[in-house]
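Engineer: Protein chains in written order, with numbering that gives the first Met the number 0: chain Z, 0 to 250; chain A, 0 to 392; chain V, 0 to 658.
Honestly, the hints are just simulated from the structure, not real lab data. One thing to keep in mind: the hints can contain errors.
[Said to hold, decoys possible] Heads up, simulated EDC-like pairs for lysine to aspartate or glutamate below, C-alpha to C-alpha not over 20 Å straight-line:
#1 Lys119/Z with Asp246/A
#2 Lys646/V with Glu260/A
#3 Lys118/Z with Asp246/A
#4 Lys52/Z with Asp246/A
#5 Lys52/Z with Glu5/Z
#6 Lys646/V with Asp14/Z
Predicted, not measured: the structure shown is a model, and the values here were computed from it.
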Amino acid sequence: MSSLLEMSGISKSFDGFQAIKNLSLNIGEPELRAVIGPNGAGKTTFMDIITGKTKPDKGTILFGDDNRSLVGMSESAIASLGIGRKFQKPTVFEAQSVRENLAMALKNPRGPFSVLFYKKTREGAARLEEIADEINLTEHLTRPAGELSHGQKQWLEIGMLLAQSPRLLLVDEPAAGMTAHEREHTTDILKRAAQTRAVIVVEHDMEFVRRLECKVTVLHEGSVLAEGSLDHVTNNKTVVDVYLGRTDVEN
Amino acid sequence: MSETHMQPRTFIARNPSVLYFLAALGVFTAIVTVLSDATGAGLISTSFVKTLGKTLCLCLVAIAMDVVWGYCGILSLGHFAFFGIGGYAIGMWLMYARTELIVAESLAGQVIPPTPQEISDAIGNQIFGVVGSSEFPTIWMFADSLFVQLALVVLVPGLLALVFGWLAFRSRVTGVYLSILTQAMTLALALYLFQNDSGLRGNNGLSGLQNIPGFEDSGQDAISIAFFLASALALALGYVLFAWITDSKLGNIIQAIRDDESRVRFLGYHVESYKLFVFTVTAIVAGIAGALYYPQAGIINPAEIAPIASIYLAVWVAIGGRGRLYGAVIGAALVSLLSSWFTGGGAPNIDLGFYVVQWVDWWLVLLGLTFVLVTLFAPKGIAGVFDRLVRKS
Amino acid sequence: MPWRSGRLFKTLTRKHKMIRVLLSLVWLVASVGLAAAQDLQTVLQTHAEEVASPSRNSVSIVLDDLAELGSPQVSVFLEQWAERNIWQNDEAGLFFIGSKDGDVITLTDVDSGEATTAPSDGYTQLRPNGGVRRVIGSALVQFQLTDPDPDRRRSALESIGRRADASQLPLLEASLEGEAEPAIRARKVQLINFLTARFGAQTDDRVAAIESLSADTSVEARAVLSQILSTSTERTDGEPSGNIARVLDPSSDPAAFYAELVEADLAPPLVSPSDIRTALEANVVDGRVGDVPTARLGSDAARAEAYAALAADGRVPPLVSQSDVAQMLSRFTFYEKYDEADPTVTDAARATMDAVETRVGVAQTVDLALDGLSLASIYFLAAIGLAITFGQMGVINMAHGEFIMMGAYTGYVVQLFVPDYTISLLIALPLAFAVTFGAGVAMERLVIRHLYHRPLETLLATFGISIALQQIAKNVFGTQARPLTSPEWLGGALVISDVIQISYIRIAIFVLALVFLVLLLFILKKTRLGLEVRAVTQNPGMAASMGINPDRINMMTFGLGSGIAGVAGVGIGLYAQVTSEMGANYIVQSFMTVVVGGVGSVFGTLAGAGLIGFLQKGIEWLNPSNTLAAQTYMILFIILFIQFRPKGIVAPKGRAAAD
């Protein structure tokens, strides 16, 4: 398992509020990692910084085999390097069909002219079918994405991520609002995806995290509080304190 | 169900509305041509042929507006400025070439033939006398070349859109901010043109554009029908071009940008390039539409470019229905024709007993309120109503 | 003091005393009831010949005697005489002030002022010539300067101020001593100073008077200096002589300098292309000019050839070539010569002028800053309502300009009913607020409420309202501009100097802007409403759960923003014209102000208005002939500015701003 993403010494503050404080984190390839933490622990900002939406005040982020620095790159450039992100709230393009949603995400040249003159290929179509099958939406390919159920939208978004063929997948609360059955399927998709690439799942739901059976990182007040198996971190006293709402953990 | 069944292969098969539109346009064009003065039928007056030809040009700029706004979500209040620039570019050649002919004719009678300098001075005097000058400004450098001016019809709006768009999009100005910024651009251009030393005759604008140099012997009835046909052809080509663009994968991307710009960024697309592409292509089409419009109108002046004109353009598209090309055509044709009917005194006044509603005065009030109602109750415009009917049947 | 030393002064003083003695004598004689005092008619009859047909020499005798008489009627008579309104009875030879109307003449007695009418054929009009009238005129000034009526003295000084000449200096000096009114006296001293600078007899006196002007930036003082420094352009083929201002370089504009030589008959005129053409046309023989066939004459080279042939025959003047021109110009020295011969005086005037110009420059900068300030106040007033609706609610209101217009028309309508401008203004301000507040609330309830979260559609819907309101105003009030008259105490300007002045209306608008700034800050920061507005802006859901009704707050906020637009409309209407389109003229600028300043901040709007106001005045100053160009550059600047600070001057802070 080689290292894919190395974050070290990342800090970010908004208007005096320290959202991320000297955060360091390593993700290998392939790896499945769950990131948990109470509200305000900096989970969303953590993902914003990796994907280029927010620029860190200091620190370095290196990605890939040639250790490219991600700091200062645009969102689209980072995405093109192979980092995909799923938002907490499912954001699919509701006016367009499931197929069009997936087709937009497929790994293909991203320039306006190559897109304008893009011709559908047999391989592309096959890949699309494959992903649709994976996310259980084969029956719905021609429907507008807006007509899907909440859980189906979540899957579609994961499917779009898979279509991007990213090396690193950032998934924000994938199981939110899903039925028990849907959760199970989601867990399967993520575990399968993590066999060939790095996947970071940010989640609240401990039950869901347990089912992922992976290494867990606990964030608190913008930095890593604990890291290890779920059993290991849940037995950690400070982690228990944080989740019970005690604030004097650091002292 | 295999996917090949669900996805018709050809562009036309996927977009039957393009065929319907082309057929309707073809029939309309044929009827107007046959009934016009040019063929001797005389059922449609030359001036009405011009009105219809101008309306076709407005439809063309309206579909460009629809692509940039309805599809890509950029409410540009500058596309009528690009339209005007196209008009000015062709107007410069029309005015220069025609004045040159007139001057050559008037100097031909003299004992001694004129020198090139004398001809140039006389033309300059004719054109710029109204702004108290006879010198040719630098921007008229190529006015004697039809080819260059035709190229400028495309290049000037294109380059302006490219530079302005690049500046605006790269600093992530979006939404209403972008609308206001485009409006400011339009206002700056109009104010610039209003100056006498702008080199484009200030508020006099360019005139006599209906006289096409080299076609002095053809009557206006023949010229008007020629421009009408050219406008129809341009509209047909523009419609097919935009239908093709919006149907392509790029069409999916720009609609995705309209709905959630930052999500598209995380898919790895450089959103700014796409916006710039759409902004520039539609600006060019707007310029071409303007170049066809003003020879039919006969005159262009800076008031045509004022911000209000670009807002009307948005009004047409909104009333017709955003996100559907035929909606833009319906909106532009309907509102501009109704507008000239009402303001031209065609509509009967309404006597309320205590007050006579004169449409010349009240049409704009009606339009403004209609617009509010459409925005509130029919956000998809006339085309939206159309869609609902089609879906029901 | 130098001007006391004139000899004429003494003579005049003596005359003055005599007049006074005479006057008291007249009064004595009259009061004692003895024979009637010598009246004007009598004096005139003594010199009947000179009065009826005066020459420049003879008239002075009459004037001397009239001066001795010194009654108030004299100056009336002199005025009428100079105006050719004096008529003489042909038989009796009596003089009257007369005005002829057809065959009838209205006669006014020169002494009693009694008016009678008579047929005009018995009377002859006196027509003194121009020279005589000038003499009468200056004698008149002398009378007027010492006239007991201060208004007459003032008008005499005014006419001296307008048309100064050397002869007035001693008269002014003479009149100074008896002057009791301090203001008139001060003005006399000032005029004496100006006249001394220009016409004083002693160089020292003149230099002293000139130097005393170095702190005076008034237009009048600068005119005095520039008159002393007036020059004329001269040319010579020898050494330049006289009081030379500067030597000119003919190569800077050879054509103009050569034209000067031609004018002075020192050089042959240039032959222009059109001259050549005319000459050639006049010399066509059998379709040829010289050896050249006319068909070939469509080029400059061929024309030159043909013309040269004609010139060789002596039939036309030869061409003047560029080298001829250069050679001619090199033979002459061109220079500007002061009309004033004394270099000491012109040097002093030049130095003083430089000092004055520096002061004027400083004053102009101050004036420009004041102009910028008042423009900024107007933009602030126009934009602040928008800043509230746009900034606090995120609502684009394209009809904002029409609310400004509604406010202005409200002011106009109030003035139709309340004739007193002060009272009507006091009524109009709150009424305009109420009217536009109501309109704003109605618009929010009927339209905008349904379009929250669809900002582009709000823009379009409010634009529809804007078109409708504009057209309704046009239908109701017509297309021509309606006056919104300001009360008298707002007329005029605060004049600090001839350069720095600012009209009271602009000061009032500045004060109005200031009041609104303070009021808004108070409402937003210190009141319950302000707190709720901020809460709804930041998190409507949370605010609602805390018992704040966001609907009510949105309605109030929108009403407040619209109401302020109405008040701004009254203010703007006072100095600009009230038309149905006035709002449209402000809307783009207002949006720019808000965007440049930073959305959602009162101080941002203030900064935006300041930046745009000062910048626009600055650009206008650099290119004063063209306000359109100034606006164009202004907008281009704003477009570029937004590139570098997309969030405006006062950028919103915090996590939300990162989106």
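Engineer: Each hint: holds or not?
Structural biologist: So, going through the hints one by one against the coordinates:
no. : hint                   : verdict
1   : Lys119/Z with Asp246/A : 13 Å, holds
2   : Lys646/V with Glu260/A : 19 Å, holds
3   : Lys118/Z with Asp246/A : 12 Å, holds
4   : Lys52/Z with Asp246/A  : 30 Å, violated
5   : Lys52/Z with Glu5/Z    : 18 Å, holds
6   : Lys646/V with Asp14/Z  : 16 Å, holds
This entry does not satisfy hint 4, going by the numbered hints stated previously; all others are met.
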